[in-house]
Amino acid sequence: MKKMILVLMLILTANLFGSTAIDWGYPFDIQGHRGARGLKPENSMVAFEEALEIGVTTIELDLAVTADRVVVVYHDTTLIPTRVRKDGTFISEPILIKDLTYEELVQYDIGSIKSADVWPRQLQLEGIRIPTLNEVLLLVKEHNEKSENEVFLNIEIKASPLAPDDTVPLEEFVDLVIETVREASMEGWVSIQSFFWTALRKIRDIAPEIPTVALVSSSNLIDSAWTDGLSMIRFGFDIARMASEIGARILSPADTFVSQSLIERARAYGLQ
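In the working numbering, the protein residues as written are 1 to 272.
Check the hints yourself; a few may be wrong.
To be verified - Straight-line alpha carbon distances no greater than 27 Å define the calculated DSS-like cross-link-like pairs of lysine-lysine that follow:
| id | residue 1 | residue 2 |
| --- | --- | --- |
| 1 | Lys141 | Lys114 |
| 2 | Lys114 | Lys98 |
| 3 | Lys98 | Lys86 |
Claimed, not checked - If you anchor each label on the Cβ, the simulated ranges turn out as follows:
| id | residue 1 | residue 2 | range |
| --- | --- | --- | --- |
| 4 | Lys86 | Ser261 | 18 to 24 Å |
| 5 | Phe237 | Glu148 | 31 to 37 Å |
| 6 | Ile54 | Val118 | 39 to 45 Å |
Hints listed in this document are in silico derivations from the structure and should not be mistaken for laboratory results. Note that the Cβ used here is the ideal one computed from N, Cα and C, for glycine as well.
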């Protein structure tokens, strides 16, 4: 596909860096960031249901892995005190998700935020738990079986080469995600994105049928640990060439990087 997919940002989205790998045949791919973050608690089943209801074409979400190796949907490697409660009280310190079993994790409530004015239209709800990736896959799969308008998933592997101990080992993380997607038979409706490009290379090697998305920010371009060892200097500051080198199908830069030149370079390397 030679045209770039332009992502339409709705009120429910914020800081959107993802783009689906699927050619919809439409000029816009409408992504629900963290489900429908502006309207419902982020990365929750109610947010994903809301996104389907209002008619997004892609749902964007983030992944973590528990101590007992369950792939769950959460934006950070730790439970965030301003967004997570237990027994009605906001937690006082971050808690690594990798240190909690799934049974322990579901005891936490993600239905409200401490400073509700940050997202004034987001409903504050009680008893909202962190879902598994499998639950979200099956939700979208059921929707697609009943609807003429298929919805895709753009999922992000949240891991850092600078803090490897904050998550399960990257190779295991990737294996678990691919296994979960395949068990749900959703390979054709998923793209996987990451700022940590080593994850994308691993996906290319073990699941080439799943499109990968190279996320780009000023942070992950500075340190080649993020870009699978690829140096900006060695590649002549050609971001598109770097993304192509690791087998990404989509280049998804922060808006400050977008230019006509970058778009042309991406097209030249066959990237969306």
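Checked hints:
Simply put, Lys141 and Lys114 have alpha-carbon atoms about 33 Å apart, too far for the 27 Å limit, and the pair is violated. This hinted pair checks out: Lys114 and Lys98 have alpha carbons roughly 24 Å apart, not beyond 27 Å. This hinted pair checks out: Lys98 and Lys86 have alpha carbons roughly 18 Å apart, not beyond 27 Å. The given range of 18 to 24 Å is broken by Lys86 and Ser261, whose C-beta atoms sit roughly 49 Å from each other.
Look at Phe237 against Glu148: about 44 Å separates their beta carbons, and that is not inside 31 to 37 Å. Restraint check, Ile54 to Val118: a C-beta distance of roughly 21 Å breaks the suggested window 39 to 45 Å.
The structure does not agree with the numbered hints 1, 4, 5 and 6 stated previously, though it agrees with the rest.
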